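**Student:** Can you make the complete structure from the sequences, with help from the hints?
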Amino acid sequence: MRSTTRRLALLATVLGVLALPATAAARQVLIGSGSSAEQPILNVLFKAYSKLHRSIAFVYTPNGGNAGVKDVQSGRSAFAVNTRPPLPSDSGTTQYKLYLDGLCVAVNPANSLANLSVNTTKNIFLGLSTSWSGIPGSNLSTTIDPIGRNSTAGSYTFFQSAILGGKTQASNVIPQTSDGLVATAIKNDANAIGYVGLAHAGSGSGIKPLTLNGVACNATTIKNETYPLFRYIWGVLPTAHPSVAAERFLDWLRTDHNAGRIIARAGAVPAFNK
Amino acid sequence: MQEEIPLEGGSGWSQDQRAELVLGALVCLVVCLLAAMLAFVLHEAWPSFSHNGLSWFGNGGSVDNQIQAIFTSGDVKGAPVYTFHAWPLLWSTIIITGAAVLIAFVSSLFVAVFVVEFAPDWLKRVLEPVVRLLASVPSVVYGLLGVLILVPLIGNDLITQQEKVSVNPTIQLSGYGLLAAVLVLTVMIAPIMIAVFADGLRAVPRNWLEGSLALGINQWRTFWHVAVRTARPALIAGTVLATARALGESVMLSMVSGGVGFAPNPADGLIFFFEPSRGLASTILFNTEELDSPPMKHTLYAIAAVLLFSAVMLSFTGWAAKQPMKRYGMVA
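Protein chains in written order, with this note's numbering: chain A, 1 to 274; chain B, 1 to 332.
No lab work stands behind these hints, which were simulated from the structure alone. Be aware that one or more of the hints could be misleading.
Unchecked claim - To give an idea of the interface, some chain A residues facing chain B are shown, with a C-beta separation under 10 Å as derived from the structure: (1) Ser129; (2) Ile144; (3) Pro146; (4) Leu181; (5) Asp189; (6) Asn191; (7) Thr255; (8) His257.
These numbers come from a predicted model, not from an experiment. Every residue gets a Cβ at the ideal spot worked out from N, C-alpha and C, and that includes glycine.
**Tutor:** In structure tokens form, the structure reads like this:
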């Protein structure tokens with residue numbers, strides 16, 4: 001009998017310890033979902049915001065932008081982050097421009113190519129241009145190895161509509177499941193060309209971003225919208241009864257200068273309430 | 001309160017009875033869960049199978065374009081499209097798994113024989129924990145090594161410019177392909193085989209071997225003909241386990257196999273080994289972002305159903321193959 005009592009006491013202690021953080025903190029948990037490409041930038045922003053507002057904690061599910069919008073429509077998420085502009089099917093949601101991002105077209109540093117036209121890029125990824133000897137400005141005469149994203153990625157959809165005119169990437173494009181793997185593939189193959197988010201094309205990435213139609217892929221050209229592959233990242237809230245805390249967070253994200261600095265450091269471009 | 005209940009007899013059940021009851025209930029629960037999972041997957045997969053019939057398993061058109069048509073039809077809320085011909089994905093899974101299991105089986109058998117019978121004791125003490133550690137390395141680690149070391153090596157040093165030109169623009173040969181996938185998968189599943197094979201070989205009664213040695217038969221022939229033959233159920237068990245892991249491997253293969261829905265053609269000669277492809281499990285991984293599109297969800301569940309069915313058949317084949325060996329008196 002004694003051992004039973006002791007066991008019960010132990011159980012009570014353990015339960016008490018487990019319950020403690022829940023009662024002590026009483027944090028409000030903001031549930032969000034959406035773009036997986038933006039997750040690295042969002043994670044930094046969540047951390048900074050939770051530091052400023054100790055009562056707010058975030059749970060973010062990177063299930064893809066389109067799925068995020070549906071989560072907001074059904075009330076499963078308080079907010080969503082999407083990489084494409086609002087569509088008629090997004091009814092019942094209000095969307096805000098949060099910040100800007102750009103898709104850089106990049107080659108291996110061994111390639112002397114510096115500029116590419118949108119049209120040539122299109123021909124390469126549609127399998128119409130297959131040799132570097134046909135691309136003016138390149139010192140290579142080898143086969144082009146195009147690297148892309150898998151067809152369900154937001155970056156793929158964006159590239160498809162912005163460059164390929166809605167057509168499907170050719171079968172000689174090797175699809176990768178993340179921007180990091182695209183960058184790695186380009187770094188390891190002198191004949192490769194691919195597209196990655198601005199955050200993955202920095203100086204330490206080992207790949208060389210090209211100018212597209214003569215415009216460089218950097219924060220300035222993306223901000224003034226002259227770079228052909230710039231895109232807005234959108235915040236999604238329900239139109240009816242949005243969570244006040246989620247609204248405040250998105251407002252901070254798109255207007256606050258500290259948030260802007262964090263966005264810039266994480267590899268995107270702040271838009272400051274455009 | 002346990003201590004107060006008499007162990008045998010009395011009013012309540014004995015401890016043995018209770019243990020039996022609890023364990024029995026747990027087994028029933030596991031079996032029920034398994035059945036429920038099978039029923040659920042088949043139910044979700046049904047629309048894809050019923051729309052395509054047997055041509056689901058056939059060849060026709062670009063499977064990647066079909067996948068895109070399937071998920072866009074769900075996103076725009078129009079009439080759902082289900083047309084899907086999975087042959088390139090099935091074929092990729094079959095050759096990558098088949099080749100890796102074959103290579104791993106032969107090499108693992110020799111390694112296991114060496115570890116159990118011929119290695120000096122100090123080497124055994126090193127090898128055994130190393131093999132067990134290798135067997136538990138997460139597949140994504142092998143994937144990273146493949147992407148960072150093996151793929152560039154194959155792409156830059158083994159594939160010639162002529163070979164690349166000959167298949168362009170249908171497919172790209174840049175190292176992502178069969179060779180890389182099979183090699184990494186072999187390295188991944190061999191330790192599992194070695195560990196199970198070695199356990200089986202060690203379980204062979206020592207006096208059987210001594211009997212053979214006493215008849216003047218040398219150590220190699222004794223071990224090969226007595227131990228390896230006796231341990232055949234263990235060889236099958238290890239192979240089934242490793243094949244199941246290879247069949248379900250998605251992360252590593254999606255990183256090194258090339259990711260396009262292309263069926264590598266053995267008639268292409270040497271190039272065949274460099275051709276990119278994408279297996280069934282990797283296809284599920286590639287398209288999880290579109291699970292919210294109903295026709296895509298059903299298609300992915302259909303792929304999952306095929307994988308589940310293969311796993312079930314694999315276990316069954318393993319069981320059936322072991323039956324005639326029962327007379328050897330060893331069960332693994």
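**Student:** Could you run down the list of hints and mark each one as holding or not?
**Tutor:** Consistency of the hints with the structure:
no.: 1; hint: Ser129; in the structure: holds (9 Å)
no.: 2; hint: Ile144; in the structure: holds (8 Å)
no.: 3; hint: Pro146; in the structure: holds (7 Å)
no.: 4; hint: Leu181; in the structure: holds (7 Å)
no.: 5; hint: Asp189; in the structure: holds (5 Å)
no.: 6; hint: Asn191; in the structure: holds (7 Å)
no.: 7; hint: Thr255; in the structure: violated (30 Å)
no.: 8; hint: His257; in the structure: violated (33 Å)
In summary, the structure is inconsistent with hints 7 and 8 from the numbered list given earlier, while agreeing with the others.
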